[in-house]
Structures are given as C-alpha cells and as structure tokens.
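Peer 1: The lines below spell out each chain.
Number of protein chains: 2
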Amino acid sequence: MDNRDPLRIGIAGLGVVGGAVVRMIQGNEALISQRAGRAIRLAAVCARDRNRDRGFSTETVTWFDDPVTMVRSGEIDVFVELIGGEGGIALESSQAALSCGHHVVTANKAMLAGHGAALAELAEASGVALNFEAAVAGGIPIVKALRESLAGNAISRVYGILNGTCNYILSQMESEGSTFADCLKSAQELGYAEADPTFDVEGIDTAHKLVILTCLAFGTQIAKDEIFIEGISSIEPEDIAAAEQLGYRIRLLGVAQMTDTGIEQRVHPTMVPKDSQIARISGVTNAVAVDGDFVGSIVLSGPGAGGEATASAVVGDLVDIGRGATGFPLGRPAASLVPYQRARMRAHQGGYYLRLHVPDRPGGFATIATYMADAGISLESIVQREGRSRLAGDQAETSFRTVTIITHDTTELAVRDALERIVNEGVVAGRPQMIRIERH
Amino acid sequence: MDNRDPLRIGIAGLGVVGGAVVRMIQGNEALISQRAGRAIRLAAVCARDRNRDRGFSTETVTWFDDPVTMVRSGEIDVFVELIGGEGGIALESSQAALSCGHHVVTANKAMLAGHGAALAELAEASGVALNFEAAVAGGIPIVKALRESLAGNAISRVYGILNGTCNYILSQMESEGSTFADCLKSAQELGYAEADPTFDVEGIDTAHKLVILTCLAFGTQIAKDEIFIEGISSIEPEDIAAAEQLGYRIRLLGVAQMTDTGIEQRVHPTMVPKDSQIARISGVTNAVAVDGDFVGSIVLSGPGAGGEATASAVVGDLVDIGRGATGFPLGRPAASLVPYQRARMRAHQGGYYLRLHVPDRPGGFATIATYMADAGISLESIVQREGRSRLAGDQAETSFRTVTIITHDTTELAVRDALERIVNEGVVAGRPQMIRIERH
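These protein sequence lines are chains V and B, in that order.
According to my numbering, the first sequence is numbered sequentially starting from 1.
According to my numbering, the second sequence is numbered sequentially starting from 1.
For reference, chain V alone in the conformation it holds in the complex (with noise of 0.2 angstroms):
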C-alpha cells in the first residue's frame, strides 16, 4: 500500500460517537487529509439500520450488516470499533481486524479493560496500530501523554475525574444543595445518565478507565479485578456542605498511585482541597492528572464524554495512522508488561473525613476521641453540632448530635478499626460516613 493512497476507513456502530466521525471526516477533510499527509477516506459502514437519517451522507461507501464480514472485505485499512461491549461483536471483529493487519481504532473501554493486552499482542504481530485515545476521558488526550509525551518519566500517581455522569451529580448536589437521588434524576433528564445509573454511579466505568491508565502509567498488566470502588450514592447533602466548611470539595476520583508495598488502584469519592485545580472541574467536565518524576505535576481538562469530543480523539488516532505513526499500543511491548502487584487498600494512607451521628447523652463524644486516639489517629479538627432528625431505620425523631471528624494522614486499616469499635460500643446511630480526602 503506498503512503499516499486515501486511508480507508470502515466503521462499526454509527451511533452518536460514529455519527460524529463521519461528519468530522467530511467536514473537514482537507484539513485532515493535510495533516494526515493522506486523504482518510469513509470506506465502509456497519450498523443496524441503513435507513435512518444521521445528517450526513453514506451514499458512496459500502454497507455491511456484519462488521467482521467488512473488515474481511478488502475494502478497509483500519477498523473503528464502535459498537462497545467487553466481548461479543466487539471483540470478535477487533481481533479480525488486527489478525488480518487492519489497523483498529477504539472508544471501547470495556474491552480494552478486559482484553486489552491481548489485542496489543495481536496489533504488535501484526505490526499495526491499536489506538485508543476515545477510551479514556474523551477528547483529552490522555492516552497519548501517557504513552508518549511523559515516556522519559516514572510516574508516580495517574489520578482524575474520569465520569462526568458522577462529576455533574456532585457538582448539581454542591451546588443546589439537593439529594443525590434528585441529582440523579436530573442527570437522566438532560441526557447525562443512563436509565439505569449503575455503571457511571457505582463508579464501575471509571475503574475501566483507570486500569487502562494504570497499565500505561506504570507499565503493569491490566488488572480490572484488583481496583477498590466505592460509588457516590451514599454521599448526603449535608457531607457536601461539611466538604465546602471545611475547604474540600467531593470528587469521584480515580486513583492509580505507587507505593511501597505495590499500586493502589481506588475508585471513591474523594474530599479534595477547594483550591486543587481537580476540585475546580465542575459539570461533565473530566480531568486527569499526572505526577511524573521529572515534569512534575500536569492536569488535563476538557469534555469527557459526547459524540463530537469522543469523535475529536478518534480522529486524532486516525490521523497518526494515516502519519505512519504506530508504536507499542500499551506504550511498552504487550509481552514486557509486569503482573499488577496490588497495594492492599488497608495499607492506604491518606487523610479521612468521618461523619457519625452520636446519639444524644453524655460521653459520646469522649467515647470517639479515645478510640481515635487509641487507634493512634491524630485529628485535625472534630466539630460536633446539635440535631434532631428521623435517622434510617428509626420509627420516631431522635436527638442527636452530628461529629464530623478530619483526620491527618493515617492508614485505613487504623480509621477502619476505630470505626469499628465505635460502632460495636453502640456510641453511634446508623452508618458512619467515611470519605478519603487526597491533599495533594
């Protein structure tokens, strides 16, 4: 194939992301074809319904109703996979792809999460490409700062808002005041939440996200199952106010850091300082943040999520395709990735939040304080406040006082402890709040 020669491009899935790549790749073709060095050219499609108008032309590329019967066709030089799912389709018409040395371009962080070195490997015997920019935060180009901006650089901790579903709730919550239930229900009005919340919320589509920061941060093999994740529906209004008094803001965050003992792969809702430039990312928003040994800290922020963002990385991977661009699709060869050491969550370090609400009678307070200090957890501040309020599972109002705790830096396992002891004693009513805070 000469390096000349239009890019031939097939697509699988023309939803809102495929939609957007077409129209990109026609609307600005001589910009592209220009920075490509070659013309890229829409060469077939494969998607469920021919007939619906999807505002733009499809008229002179071929159609398929099987994406792995296109990719065999002889038409297409790379594959874009965007149909989703870990396995199935997806999957199959990937592998095709790459065995037969079609370059793939993927938004897929599902599969890349579950079969991501594996695709590598095929893409590396192939010697083609297997990009994807998409997978990951959008259209900021993480992928690539990961994989050849920062290359000179150990990382030490890959970490950012990932889910804008989850960012705009907490932010909706900050900023209204409300529930996370009407957030959420708000969220699924404008189209930022699915029907059913559960991947974005329960914090499940971040952790896909981060596995595959972490295999590139780090060199590690991907290791879905070894990530910590909590969601944020447990976060109530009045953790969001306690967050704004006391100079944090909540965060979903992902987290991949280096520690002695292995990494910590955690996804949690996070108390970051106000004035942390992540702690500024309000709405859909996404932001990554990397700390390398010699750049130093970098953040970068921009729209996560949306058909014309997601078609901006696309392209972007398209174009270093048509540029002779292909390098190692995890950064390193598939076959050099290290096993995932896991840190254990228990050993984390880092400074907490907690909320507990004391009934109201003498000693309480004290009874606290002294398992805190028994568990050798300093304390940056304790404020205690009078309430009165229908706790779950309570049949009649109680009087009860609310005791926000910030803790310096200590380890899980001694705030875990703590909190068990106290809760065992029965000095407190209901479910303690415990919210990691990352300082720096």
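Hints are supplied without guarantee of correctness; some may be wrong.
Copies of the same chain look alike in the list, so a pair counts if it works inside one copy or between any two.
Said to hold, decoys possible - Calculated cross-link-like contacts (lysine to any residue; reagent style SDA-like; alpha-carbon spacing at most 25 angstroms): (1) Lys185 x Met258; (2) Lys274 x Ser297; (3) Lys185 x Ser282; (4) Lys274 x Gln384; (5) Lys274 x Gly351; (6) Lys274 x Leu246.
If you are wondering where the hints come from, they were derived from the structure by calculation, not from laboratory data.
All figures in this text were calculated on a predicted structure; none of them were measured in a lab.
Chain V is fixed; fit chain B onto it per the hints.
Peer 2: Relative to the frame of chain V, chain B by itself:
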C-alpha cells in the same frame, strides 16, 4: 541503521535543561528504552566547560567543542539543540544536523519563531524529525496535542499563560498587594526572573511561543512580526484590586484567534473571569487552552519552565524518534503553510476594563460617560471612588476620583477613539489604563 540499535544522542548545551536531560536519560534508562523500543544512549556532548561538576557522569561520551563538528562526527543520530538564541551557532548546527539526515530535538523557541518553517522543510526533505515540545510551555504536551491529538479539529482559538515569570509576578501582586517593581524584585531573588527581565515581562517570550502555537493551530506561516504585544509592567496594584472586586484576575495571555478578517495574534495583560480555569493558574505554572470545532475546549496545565520539566518534553521527543514516529514538524507540510493574514487589532472585539483618574471638579464623570456612549460603547459597570494621591508628574497631591469602567463587548477602535477624546479634552489626569477582557 537497524531500528533496534541504540539511538545515539548528541547534546549541545549542558546548562540546566541539558543537565536534566542527561540525568533523565541515565536515571530512567530502562523504562525509556522499553517505551522507545530501543536504547537511547548519550553518545556525545558539546559544552563550554568540560570540567564543571554537573552531577552526572559523561565519561563514556565524546566531548566536542563545536556543535557542528559533533553533528558531522558520525557519532550521533539525534542532535539535541539546547544552546539557545535565534540564529548563530544554534541555527547553524541545527541546519547542519537536518541536512545530513540527523533528527533534531530543540527547546529553542526563538530559533523556531525565526526559522521554524525553513528548518521544517529541511527536516521533511531529509525525512527526519524536528521535534520541539520543550519550546512551548515546558512540560505541558501542547505541541503534540495541536499537531497530533487534535489534528481532526478546525481550531478557532489557542491561548494561555505561556510565561511563568509574568504569572509569578501577577500572582504575587494579587496575593501580596504589592507593586510590579517589588514583585519583579522578589522574582529575581528567587531565580524566576532574569537580571534584565525585559524579554519576559514585556511579553516577547510569550510572543515567541505564541507564533509557534499559531502556526500549529491554523496552518499559517510563522509571522512573529505580526503580533500585538503589551507587557505587564504598567499593571498597578489598584488594577489587581479592581479586577478582584469585579470578579476577574489579570493574567498575561498569548492569544491566537481566528476571526472573520484574519487571525489575531496578541500578547497582553488580560482580565479573565475568576472562575475560569486560566484565572486559577497561579505562580510559575503555565496553562494552554484550545478551542476546536469538535473537541470543544480543553485546557492543559503544568510547569512551563525549569530544567526537569523541560527535560521531560525533550525526552518525550526522543522517545518518539526512537519508536520511529516522524511526522511533519509543523503538523502539515511546511510548503503548504498559508500566508498569515493578520486581523487588525483595532477590529478586535471584546470587553475592556478602563481606569481613569479624574480631577475632582464637576462634570468629569458625565463627560466620560457621554464620550463612551458617543463611541457606541455600552457599559457593564462604572464605578467611581474618591481618592487623593500624587499622580505621576504632579508636584503636589491632587484630589481626584478613580473611575473604573467595564464595557460590554465592543471594538478596540471604539475604545481607543473614546479614550483619545477623553484625554484630549483634559478630563483625566495621567494616562488611562486599558486592559482587555477575555470572557469565554
């Protein structure tokens, strides 16, 4: 040359950046060769003083006194130019390297601003790379983002904080309430500003970086003499305070923006809304924002200078060369760059902050308001404060009022005309202050 042979590097200039590059290549050797797919080996260096202790061993490398001799020695594959300066030996040795088929990596913004297109053509003719991530915004991967990640987008604007010295001074004026002169002095003491700070504080350094971004974003020829430049030395503490009250911060921005009549390239102190991401960048940190038709807006921030962060960019460029990724240095063939069409500054549209000292006699305020209205300028706010001070040039203390105006979007021409009339009428004492506002 077998692709698996070590990539032999020759570095000219072993100052702060050069030293950090050597430490990075040696310290992170294993991960760099994994990511590059081959070893990256320091083969030769060229620096004035061989005997200085630089904190790393250069015993196994060949020393040269002259970079051109090093280039032609046959001992290197990549020439890393860290000498600096627009022309002279930096240019001569870079040209020599490209001409004899060596890749070039440089951090030299002045050379690129002056000779970028000619160097890019040389690189293209030889089929080698000319990489310069380090030349703009240090460790922030903005060159790669514009050249590769966002390649499918029609860019409408690129702007940012490109000079850490200025941002440090403005941040200090903000937090300390002190004068430009005092903050410059403290910057000099901390090593953030040169003894002769003109290059930084008068916006020239920002302009050099901006022309490179303009070329990458819009595919236009590099036009460094077509840039509107205003430095930060005229910013007074009262402007900083007024900005704060009005919900803005003052930053020195470089802005390249597509308009109906051409491209604006401008460097000037700018009021940006306090809640924008750019406003929140303090100290020596840099940030660059890009608006594209598909990606929307993305912001990249991080250390814009310093040996280690700059080395991170240089080594990222080396890894790209190691894995064989050579594209067009300027993101498209240098011969295809279109002439830069300058939008006239007087046609610039935007909001304006104006501060006028009005001697304390009846009618002054009314005259100002009338002249603004005559020029078709609609005001967002106009605030008058009483004051008493020694204005520049006055021998005695004068009583005056300070009038602070924020305009709605208008044109530079209208504002200049109105100010000229106001000054000519003798309504104000001293020179009016005018700061452009970047609202979105």
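Peer 1: Indicate, hint by hint, whether the structure satisfies it.
Peer 2: We went through each hint and held it up to the structure:
1. Lys185 x Met258: neither (37 angstroms within a copy, 40 angstroms between copies)
2. Lys274 x Ser297: Both, since 17 angstroms and 22 angstroms are each at most 25 angstroms.
3. Lys185 x Ser282: Cα proximity of lysine 185 and serine 282: one copy only (18 angstroms, versus 37 angstroms across).
4. Lys274 x Gln384: Within. Shortest intra-copy distance 22 angstroms satisfies the 25 angstroms Cα cut-off; inter-copy 33 angstroms does not.
5. Lys274 x Gly351: For lysine 274 and glycine 351, only the intra-copy Cα distance (15 angstroms) is at most 25 angstroms; the inter-copy one is 29 angstroms.
6. Lys274 x Leu246: Both. Shortest intra-copy (9 angstroms) and inter-copy (21 angstroms) distances satisfy the 25 angstroms Cα cut-off.
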